[in-house]
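2 protein chains.
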Amino acid sequence: MLKVSILSIGDEICIGQVLNSNAQWIAEKCTEIGIEVIFHLTVGDNKQRLIESLIFLEKSSDVIIMTGGLGPTSDDITKPILTEYFGDKLVFSDEVNADIEEFFRKREREISKMSLSQAEVPSKCRVIRNKLGTAPGMVFFEKERYYISLPGVPYEMKEMMETSVIPMLIEEIERRHESVVKYKTIYTSGIPESNLAELIGNEREFLKEGETLAYLPSTKGVRLRIGVPGPDFSSCDERLYEIEKTLISKISNFVLPLENKELTDTVCELLKTKKKTLAVAESCTGGMLGAEITSVSGASEFFIGGEITYSNWAKSARLNVQEKTLLEFGAVSEQTACEMAENVRKIFNTDFGISITGIAGPTGGSPEKPVGTVWIGLSSQEKTYAKKFVFGGNRNINRERAVYTALNELKKALVE
Amino acid sequence: MLKVSILSIGDEICIGQVLNSNAQWIAEKCTEIGIEVIFHLTVGDNKQRLIESLIFLEKSSDVIIMTGGLGPTSDDITKPILTEYFGDKLVFSDEVNADIEEFFRKREREISKMSLSQAEVPSKCRVIRNKLGTAPGMVFFEKERYYISLPGVPYEMKEMMETSVIPMLIEEIERRHESVVKYKTIYTSGIPESNLAELIGNEREFLKEGETLAYLPSTKGVRLRIGVPGPDFSSCDERLYEIEKTLISKISNFVLPLENKELTDTVCELLKTKKKTLAVAESCTGGMLGAEITSVSGASEFFIGGEITYSNWAKSARLNVQEKTLLEFGAVSEQTACEMAENVRKIFNTDFGISITGIAGPTGGSPEKPVGTVWIGLSSQEKTYAKKFVFGGNRNINRERAVYTALNELKKALVE
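As they're listed, the protein sequences go chains F and P.
Sequential numbering from 1 applies to the first sequence in this note's numbering.
Sequential numbering from 417 applies to the second sequence in this note's numbering.
Hints were generated in silico from the structure; no laboratory data involved.
All values reported here derive from a predicted model rather than from experimental measurement.
No residue lacks a Cβ here, since even glycine has one placed at the ideal position from N, Cα and C.
Some hints here could point you the wrong way.
Just a few of them, taken from the derived set where beta-carbon distance is under 10 Å, the chain F residues facing chain P [stated by the list, open to error]:
#, residue
1, Ile38
2, Ser218
3, Tyr241
Take the sequences, apply the hints, and build the full model.
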């Protein structure tokens with residue numbers, strides 16, 4: 001397989017001021033076309049470290065894709081360093097100069113002198129034209145490998161990747177007759193990673209040499225990523241399908257039913273296609289479940305609304321939870337969760353009502369009801385029930401897990 | 417300055433399936449305490465490349481912070497590779513074993529056999545206990561530098577960084593008498609970055625050589641980070657104070673009043689100390705404002721609850737918004753926002769009521785009310801008003817900005 005490394009250049013990434021979303025995007029695009037991404041490396045605007053980075057990456061990479069450091073200001077060092085690194089010199093490019101003039105003309109702005117310096121490019125490189133900005137991209141072929149330098153501005157970089165770099169890399173793969181790896185992700189919910197691993201057992205028993213299975217846990221659920229190598233993409237499909245079938249036979253109860261959809265999208269899609277409506281009653285999550293559901297565009301088709309009943313007063317006054325329930329069993333109890341779920345369903349006149357009431361922490365716990373104890377209630381016309389969960393993480397993790405556990409209960413009701 | 421590199425281990429990052437938010441977070445924390453972050457390197461679950469990475473990073477780093485590859489499954493390779501790399505062997509740790517048993521006991525779950533394998537740790541390492549998961553962290557001191565290995569699960573990693581690694585690094589900086597950069601962050605809200613920059617003007621006019629000012633924008637507001645170099649932390653304080661005073665004189669209206677507190681914490685603290693109560697009425701944010709407020713522990717002292725009125729039916733039935741208001745002006749209007757805020761305040765009998773109603777997108781926009789149009793209402797006993805904002809980002813950015821803009825209106829009312 002063609003081996004690519006991604007080199008991100010810029011102090012703002014190195015010191016953690018911004019997330020490196022460029023590297024993630026480039027890695028995803030490369031993986032899609034069957035390239036192996038072996039390293040992402042980030043370095044600040046520092047000459048010595050940038051050269052060390054190039055020397056390290058070129059040991060094992062066929063292609064190094066750089067982003068950043070191409071602006072017109074003095075802290076933008078990529079172009080002069082590459083010029084020096086390849087023993088090259090800058091030459092004035094009429095083509096790039098015309099692009100820059102056009103850029104400013106279209107925007108009815110005066111050309112700044114600084115921008116004109118961008119028309120100078122190393123003589124050995126092939127220029128990638130920048131339709132959305134003034135810094136051109138550069139492709140060097142030196143020491144039997146490609147060095148590609150792109151701007152750090154995400155939309156400029158993406159446009160150049162899509163129109164120039166990706167087609168060039170596909171050509172290179174075909175020229176070399178390189179092999180590829182194709183991936184497929186299975187989404188699960190309602191089961192921790194270690195229990196899933198026990199159900200699946202030793203994956204080497206059903207995987208062939210070179211095939212991989214990765215567990216990717218989050219509060220939403222565990223994703224399983226299968227990887228299958230092959231001479232080209234279409235030849236990987238049969239094995240991917242076989243491995244998926246094997247996995248699903250072991251863990252079918254926990255696999256989300258819709259292809260490539262995580263839990264929230266799955267629940268929303270099921271509500272929509274089954275024409276069911278929903279209302280929520282939230283205590284410790286304070287609106288997080290409603291916020292998660294309405295993060296999906298089109299939620300107004302099935303989500304009517306809900307009650308945030310953070311106080312006992314609100315639970316009685318707004319959800320008609322009986323005062324004797326709150327007194328006898330407490331706000332964090334099976335009885336309260338059931339009344340909340342059933343009453344919110346009736347008040348909002350929906351098919352389903354979900355409730356969450358718990359102790360998110362860090363305070364409020366007791367020996368009988370430790371921090372992380374959450375009751376989740378679900379009510380439909382057929383039945384109302386509540387289940388207890390003990391999450392035991394920190395405040396916001398407990399709240400997130402409560403939200404996704406509630407959605408998982410609703411998913412189960414919807415596929416029944 | 418102490419030099420740190422961050423090594424992220426995991427196929428899911430390398431192939432671009434997930435964003436590397438751990439590296440950004442760690443870099444930010446290290447920068448805050450005056451450490452120089454020189455490289456971020458990401459590598460897949462691959463033995464040879466992980467070893468190449470260690471050899472590269474140790475050339476110039478005093479500390480290498482690794483995350484990932486510590487789970488109980490076979491694709492988690494960090495522990496065996498570090499054990500081999502340092503010529504060490506695994507030993508059973510009673511302490512870690514007890515932590516794992518406690519972890520499962522608290523969650524009322526059976527211990528899985530796989531999880532017990534996590535009680536084995538290299539003999540040369542100092543263990544960092546994991547309060548939120550089963551994989552312990554490890555600190556090696558070898559070849560005159562620190563190698564720190566942490567889990568990839570963000571909340572486990574963050575807890576261990578905050579309680580163990582950061583204090584250890586601060587001690588190391590003091591022990592070495594390294595020169596430092598001390599940072600101070602000023603939190604603002606209610607003003608975009610470019611307007612803030614205009615008020616502040618050219619920072620070189622009030623900064624000395626080596627001192628820095630960085631603008632860190634987010635949906636919550638813009639943070640300003642001042643950096644002052646010095647031989648040790650305490651010698652930087654005077655200049656930090658002077659620069660802070662200069663900045664505040666230029667932008668006082670937008671600086672949040674409580675030291676080191678962002679907008680949400682500020683609002684919650686002000687409600688608590690002024691003994692004021694709050695209820696919320698949310699349409700397009702679907703509960704996000706309530707969720708944000710209740711992310712703060714102790715919110716039950718001032719937050720009573722709220723209404724998620726995602727449908728027009730809920731706005732009338734649960735918040736008594738007049739049907740003629742909805743018909744005449746629409747759900748996204750000054751009149752609806754005012755009625756929502758005033759009525760939620762009266763229904764919940766609180767000092768303040770806030771409402772949010774808008775078009776989050778991507779659908780539902782019109783020429784008069786484009787996607788991103790949001791009305792925010794605020795009601796107190798003295799007055800009720802609503803303001804229009806046009807955010808124009810994507811769905812979830814619009815919703816986040818609505819939440820923080822609403823909190824900013826409440827902040828203004830609380831400091832009046």
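Hint-by-hint comparison with the structure:
Residue-level restraint check for Ile38 (chain F) holds (minimum Cβ-Cβ distance to chain P is 6 Å; threshold 10 Å). The closest approach between the C-beta of Ser218 (chain F) and any C-beta of chain P is roughly 8 Å, which is under the 10 Å cut-off, so the hint is satisfied. For the restraint placing Tyr241 (chain F) at the interface with chain P, the shortest Cβ-Cβ distance is roughly 20 Å, beyond the 10 Å limit, so the hint is violated.
Violated hint: 3 only; the structure is consistent with all others.
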